[in-house]
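Numbering of the sequence shown is given in this note's numbering, commencing with residue 498 and proceeding in unit increments.
There could be a bad hint or two in this list.
[Stated by the list, open to error] Quick list of in silico lysine to aspartate or glutamate cross-link-like pairs, DMTMM-like style, CA-CA up to 25 Å: (1) Lys-828 <-> Glu-811; (2) Lys-828 <-> Asp-779; (3) Lys-697 <-> Glu-748.
[What the hints assert, rightly or not] Simulated restraints on C-beta separations: (4) Leu-517 <-> Ser-600: 40 to 50 Å; (5) Arg-587 <-> Ala-514: 51 to 61 Å; (6) Thr-594 <-> Asn-541: 19 to 29 Å.
In short, the hints are calculated from the structure, not lab data. Ideal Cβ positions, reconstructed from N, Cα and C, are used throughout, including at glycine.
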Amino acid sequence: MKQRDSILFGLPFAAIAVMLLFAGFLYRQFVSFESSFKENAKANITEESRLVEYILIPLLENGKIGDAVAFCEKFGNTKIRLSLIDLDGRVLADSMTENNILSNHINRPEVVTAMGGTPGYAMRYSSSLDCWMMYRAVKLKTGRGDYVLRVATSTDGVSEIIDSSRLMMFLALLFGGWMILPFFLYIYNKIRKPLLALVKSSERIAAGELDTKIDIPEDGLIREIAIATYSMAEQLKDLLCRANRSKEETEAILNAMTEGVFLIESSGNVAHYNHAGAKLFDLDESAGFNIARCGIPELSGAVRQAFYTGDSFEKEISYSGNEIKSTLLAKGQMLSKSQLLLTITDLTNLRKLESFRSDFIADVSHEIKTPLTCIIGAAETLEDEKLELESKRR
């Protein structure tokens, strides 16, 4: 489970954990109370049993079975139940039930333990009395035979309290779970599902799918987030459209330039160049290019020096490419420590025009110089004083 799910579902689970912890604490208290009650009941029934033993043992020693039975039956109107049992399991006397309708008690746990010589205790539901009872059985040893005395007292009231408390605890847990369930479903339907949809839409937008639809819930905590995300996506779409238009305009301007433009990284790799730059070095625009492979050591050296010193440069370079001698003007401008903008202007045609101009001036000067010399000579002759006749001068 992702962290967002841990956060979303942490609160209801924390509530459930607190509720279970509280229920565990209550259960432990109930168990402690029940254990204390049983120990207290054992102590009380032990004292009561010992008092009865002091009375019955002398009667049994003297063979007064009838008196012993009568004594047990006298407790019929009290909260204590006395049972006198022989070693065969037959009930000789019982203070709350007629002996002839009681089954043989030879297999009762407390009686079995008592016949072994150890006082036996048990707490169970009595079907004959229709209530919960605490039993203590002890073996009475006499010269006329051994018997088992079983003393019992009702625990129905406390048992009902314990059972009622357990039922209330169960109902409280059930009610708490029922109360938490709508909260859990609200988180799942109103928060988690819309949030997952919003995350998927955001991931698609981040991947470049700007036309991705964003579902906006009608209500809930995610509605405002979804609206903000939708607004952000629209703004991002507008910004990217403007950035693409600006990029296209910049590309058009660069490609329309007659100068070669190169964006060079510190490694020498050319990150970008225009059509004129590709044409200048006969480059494939889909392939990478390193300035060190330009074939002009003077240019690559100037670029390395610029990255090393951080200074811009401008120099005229002679370049023989495709068996044609060219003259290039290279200008390097440092944009950052890792990027340099290089512009290369082809001066070849300009230098040719300058050469044509010089040759033209020289030729014109040569052609004009000869007739001018003759004219100058004639003028000088005319200026000679010896030519006095006007006709000759003309």
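Of the hints given before, which are not true for this structure? Of the numbered hints given earlier, the structure breaks just one, which is hint 3.
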